[in-house]
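Protein chains in written order, with our numbering: chain A, 74 to 492; chain B, 74 to 492.
Read the hints as simulated data drawn from the structure, not as lab findings. Just so you know, these numbers come straight off a predicted model, no measurement behind them. Incorrect hints may have been included.
Repeated chains share a single entry, so a pair holds when one copy, or any two copies, can fit it.
Below, computed lysine-lysine pairings styled on DSS-like, alpha-carbon distance capped at 27 angstroms [stated by the list, open to error]:
| hint | residue 1 | residue 2 |
| --- | --- | --- |
| 1 | Lys129 | Lys218 |
| 2 | Lys148 | Lys300 |
| 3 | Lys162 | Lys300 |
| 4 | Lys158 | Lys340 |
| 5 | Lys148 | Lys245 |
| 6 | Lys413 | Lys129 |
| 7 | Lys229 | Lys190 |
| 8 | Lys340 | Lys413 |
| 9 | Lys158 | Lys148 |
| 10 | Lys340 | Lys229 |
| 11 | Lys162 | Lys340 |
Protein chains: 2
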Amino acid sequence: MKMNAEIIAVGSELLLGQITNTNARYISSQLAELGINVYYHTVVGDNAERLNQAIKLAESRAELIVFSGGLGPTKDDLTKETIAKHLGKDLVMDNTALVSIEAFFQRVNRTMTENNKKQALVLDGCQVLPNNHGMAPGMFYSHGKHVYILLPGPPKEMEPMFQIEAKPVLAKWLNQEEIILSHVLRFYGIGEAELETQIMDLLEAQTNPTIAPLASDGEVTLRITAKTSTEAEALRLIQETEQILLSRVGNHLYGYNDDSLASSATKRLIELGLTISAAESLTAGLFQSELAAIPGVSETLVGGMVTYTADSKVNQLGIERSLIDQFGVVSAECATAMAKRVKMMFESDIGVGLTGAAGPSSHDNQAAGTVWIAIVLPNDEVYTHLLHLSDMRNTNRLRAVKKTLHYLIQLLSQKSVKI
Amino acid sequence: MKMNAEIIAVGSELLLGQITNTNARYISSQLAELGINVYYHTVVGDNAERLNQAIKLAESRAELIVFSGGLGPTKDDLTKETIAKHLGKDLVMDNTALVSIEAFFQRVNRTMTENNKKQALVLDGCQVLPNNHGMAPGMFYSHGKHVYILLPGPPKEMEPMFQIEAKPVLAKWLNQEEIILSHVLRFYGIGEAELETQIMDLLEAQTNPTIAPLASDGEVTLRITAKTSTEAEALRLIQETEQILLSRVGNHLYGYNDDSLASSATKRLIELGLTISAAESLTAGLFQSELAAIPGVSETLVGGMVTYTADSKVNQLGIERSLIDQFGVVSAECATAMAKRVKMMFESDIGVGLTGAAGPSSHDNQAAGTVWIAIVLPNDEVYTHLLHLSDMRNTNRLRAVKKTLHYLIQLLSQKSVKI
Numbered sequence: 074m075k076m077n078a079e080i081i082a083v084g085s086e087l088l089l090g091q092i093t094n095t096n097a098r099y100i101s102s103q104l105a106e107l108g109i110n111v112y113y114h115t116v117v118g119d120n121a122e123r124l125n126q127a128i129k130l131a132e133s134r135a136e137l138i139v140f141s142g143g144l145g146p147t148k149d150d151l152t153k154e155t156i157a158k159h160l161g162k163d164l165v166m167d168n169t170a171l172v173s174i175e176a177f178f179q180r181v182n183r184t185m186t187e188n189n190k191k192q193a194l195v196l197d198g199c200q201v202l203p204n205n206h207g208m209a210p211g212m213f214y215s216h217g218k219h220v221y222i223l224l225p226g227p228p229k230e231m232e233p234m235f236q237i238e239a240k241p242v243l244a245k246w247l248n249q250e251e252i253i254l255s256h257v258l259r260f261y262g263i264g265e266a267e268l269e270t271q272i273m274d275l276l277e278a279q280t281n282p283t284i285a286p287l288a289s290d291g292e293v294t295l296r297i298t299a300k301t302s303t304e305a306e307a308l309r310l311i312q313e314t315e316q317i318l319l320s321r322v323g324n325h326l327y328g329y330n331d332d333s334l335a336s337s338a339t340k341r342l343i344e345l346g347l348t349i350s351a352a353e354s355l356t357a358g359l360f361q362s363e364l365a366a367i368p369g370v371s372e373t374l375v376g377g378m379v380t381y382t383a384d385s386k387v388n389q390l391g392i393e394r395s396l397i398d399q400f401g402v403v404s405a406e407c408a409t410a411m412a413k414r415v416k417m418m419f420e421s422d423i424g425v426g427l428t429g430a431a432g433p434s435s436h437d438n439q440a441a442g443t444v445w446i447a448i449v450l451p452n453d454e455v456y457t458h459l460l461h462l463s464d465m466r467n468t469n470r471l472r473a474v475k476k477t478l479h480y481l482i483q484l485l486s487q488k489s490v491k492i
Numbered sequence: 074m075k076m077n078a079e080i081i082a083v084g085s086e087l088l089l090g091q092i093t094n095t096n097a098r099y100i101s102s103q104l105a106e107l108g109i110n111v112y113y114h115t116v117v118g119d120n121a122e123r124l125n126q127a128i129k130l131a132e133s134r135a136e137l138i139v140f141s142g143g144l145g146p147t148k149d150d151l152t153k154e155t156i157a158k159h160l161g162k163d164l165v166m167d168n169t170a171l172v173s174i175e176a177f178f179q180r181v182n183r184t185m186t187e188n189n190k191k192q193a194l195v196l197d198g199c200q201v202l203p204n205n206h207g208m209a210p211g212m213f214y215s216h217g218k219h220v221y222i223l224l225p226g227p228p229k230e231m232e233p234m235f236q237i238e239a240k241p242v243l244a245k246w247l248n249q250e251e252i253i254l255s256h257v258l259r260f261y262g263i264g265e266a267e268l269e270t271q272i273m274d275l276l277e278a279q280t281n282p283t284i285a286p287l288a289s290d291g292e293v294t295l296r297i298t299a300k301t302s303t304e305a306e307a308l309r310l311i312q313e314t315e316q317i318l319l320s321r322v323g324n325h326l327y328g329y330n331d332d333s334l335a336s337s338a339t340k341r342l343i344e345l346g347l348t349i350s351a352a353e354s355l356t357a358g359l360f361q362s363e364l365a366a367i368p369g370v371s372e373t374l375v376g377g378m379v380t381y382t383a384d385s386k387v388n389q390l391g392i393e394r395s396l397i398d399q400f401g402v403v404s405a406e407c408a409t410a411m412a413k414r415v416k417m418m419f420e421s422d423i424g425v426g427l428t429g430a431a432g433p434s435s436h437d438n439q440a441a442g443t444v445w446i447a448i449v450l451p452n453d454e455v456y457t458h459l460l461h462l463s464d465m466r467n468t469n470r471l472r473a474v475k476k477t478l479h480y481l482i483q484l485l486s487q488k489s490v491k492i
């Protein structure tokens, strides 16, 4: 069955410009994977009358209406109440959801107020979508010619709920016989325009599989999507396209699908049985923290130091004062000494040193955005890399960490590098 | 003059979920400053018929319609063409814009193709808004009961154009005499529902100033907005309301407006002339990294250690092995020893220790989400705090850092705490 969709985000905070509607993007990309066309996004405030108008309008131009937001405990939250009234349906208490909400409050050791019970009310006759990352459950409700999906507003609740709970129900409801498979290639160290230029002929000729580039925060991804009657055929089509793409731009690939630079680096370190430590100045723990975001990282991450001041580099990390006097703290020499010392102190296989001028102002006579990365391998070989970034402090700190992770992945993947 | 607005973003890439509509948030926040109510955001694809429907609908429910996107050189770009046709107006060549586009191509050393001239076409009779960061000019056009503002799609062109070109024109057009002032109070350690319960009577009785609660990621804010004829009066109204709010929930306040937990903590530390260091296990540098996100933090942050493994806690930080054997690494005793040792090693005034089971699985016989925070003050007094969080690793790590920052702010603000 073929259907068009409209996404309605509910929340006055969106109309006041306090938060960005990232939910519409996420839901759109998910619906695109199911082959559902989205013709409109609508944002409406916490106002029953205007929400009601938006629902009626959406019903006139779409078969599937996906709502996000307005399922919370406060009196401002009125999405399900408005839909129920519009459809002439009751809201009924869902006991599973209520038990789950009570358990949530027990777990975080807080007292549950009466208004939180309201979150367990659902549309009579709907399929309840459990919320595994928060309290308000979602709903899937088919009525007449329309399907209504209600999701919570916070992205960290909404995204897994859509992916794990709503999407399979929707796919089943569509009685989809076509297999749609997607595979994402992840690149770092190449701009979107440059990547597109190198595969322009493929982008222009694409039909099945399709190839969709997307850039964000220094990374570029290519999503390959195949639609066929069998999974084997879809996989074959994807692999064929992947091979062609990698023959063009494969040297910038760092991972697939849900991989991140940190997860790819961690995986590679664990595969090679190597431990790692880091000494960080401008990034002040962000490199180690990004690694620690990956479950299982304790197999490789020993720990390390944050040496934010020049004194701490000398007194705690044991770098020679004369080295800093001669080369400055923002130098290949200092980064190298940091990497060597932390590797020795923490008895790890690999040592990383990060030092630079985070910005917005210059530091130790180096322009904002000047960053030195040093990586010392198990055989004590030293690799250093210089970055010239912007004057934006926290963009620089994140970019420095991402580049270090990418540099590490590259070093650990090169056959010429002896480990 | 009083007006309502609707924001229409045009672009199929938005409906495919390839990019997020950050323009609507930006424009909304700018319009809020002018006291203009936004009742709807709409996103529509590069389709003349559906865009035309969206324009007609917006005219029926708003006086001001702000468009972003669809002003580029390709045949997909049809915003101004569709508006011109709908209003029965012509598009005319704007020579200033044309010269500017030609100059742009010269500057980047590229050949200008014929279709780029299309970007210099504007609605006959409009006020042209120069584009100082790209090619397509914007437009301000008043027609009948409506005002139409057309802006380019790329945020780095749209945002400065709105701020510098469109906003003054709009303010003048509104002939605004009313002063609108906002003031944000920031809270931590209280849920949105609980906070609302404590100020429900105020929320229900609000007229001027208005009070708008907003929750995100463990924090809650209250935005107080006053509309009056003079700034002094607006300030007086805001202060009056702030005092009443703080008398109810002031013990959870940590800052104002653009403050973050990290910036408030840093400010307090610098005011008191205190240095800080941290030893981090589950958070693995995230606490120090959050502090380092604040410019000027080098006045207080010395550095610290990431001791991810039990061995590194003993070998590098110098905690007694027997303490870990007796109490485990996830314990008040271990957190305290970490805070004391790092304070001593880094010769700082304050030491922080963070240890716990990040999740998703348990760690050292402690359930996922069990976190111990220890803070040692300059007088060597120790404060510890136990958190029971969820099984979500990275939410837990961030919550542990936020709670530590909040705990620190509280300790540094209490008169009873001797520093």
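Verification of the supplied hints:
1. Both within a single protomer and between protomers do Lys129 and Lys218 lie at most 27 angstroms apart by alpha-carbon distance, with minima of 13 angstroms and 26 angstroms respectively.
2. Taking CA atoms no more than 27 angstroms apart as the test, Lys148 paired with Lys300 passes between copies only; the shortest distance there is 24 angstroms, against 44 angstroms inside one copy.
3. Proximity of Lys162 and Lys300 under a CA criterion of 27 angstroms is satisfied in neither setting, with 38 angstroms inside one chain copy and 40 angstroms between copies.
4. Taking the shortest alpha-carbon separations for Lys158 and Lys340, neither the intra-copy value of 51 angstroms nor the inter-copy value of 50 angstroms comes in at or below 27 angstroms.
5. In this assembly of identical chains, the alpha carbons of Lys148 and Lys245 never lie at most 27 angstroms apart, being 34 angstroms within a copy and 37 angstroms across copies at closest.
6. In this homomeric assembly, Lys413 and Lys129 never come within 27 angstroms of each other (Cα to Cα): the closest approach is 66 angstroms inside a single copy and 63 angstroms across copies.
7. In this assembly of identical chains, Lys229 and Lys190 lie within 27 angstroms of each other by CA distance solely inside one copy; the values are 21 angstroms within and 44 angstroms between copies.
8. For the identical chains of this complex, Lys340 and Lys413 are intra-copy neighbours only, at 23 angstroms inside a copy versus 34 angstroms across copies, given an alpha-carbon limit of 27 angstroms.
9. For the homomeric pair Lys158 and Lys148, the shortest alpha-carbon distance inside one copy (16 angstroms) is at most 27 angstroms, but the shortest distance between copies (44 angstroms) is not.
10. Taking identical chains as interchangeable, the C-alpha atoms of Lys340 and Lys229 lie at most 27 angstroms apart only when both belong to the same chain, with a minimum of 25 angstroms there against 30 angstroms between chains.
11. In this assembly of identical chains, the alpha carbons of Lys162 and Lys340 never lie at most 27 angstroms apart, being 51 angstroms within a copy and 53 angstroms across copies at closest.
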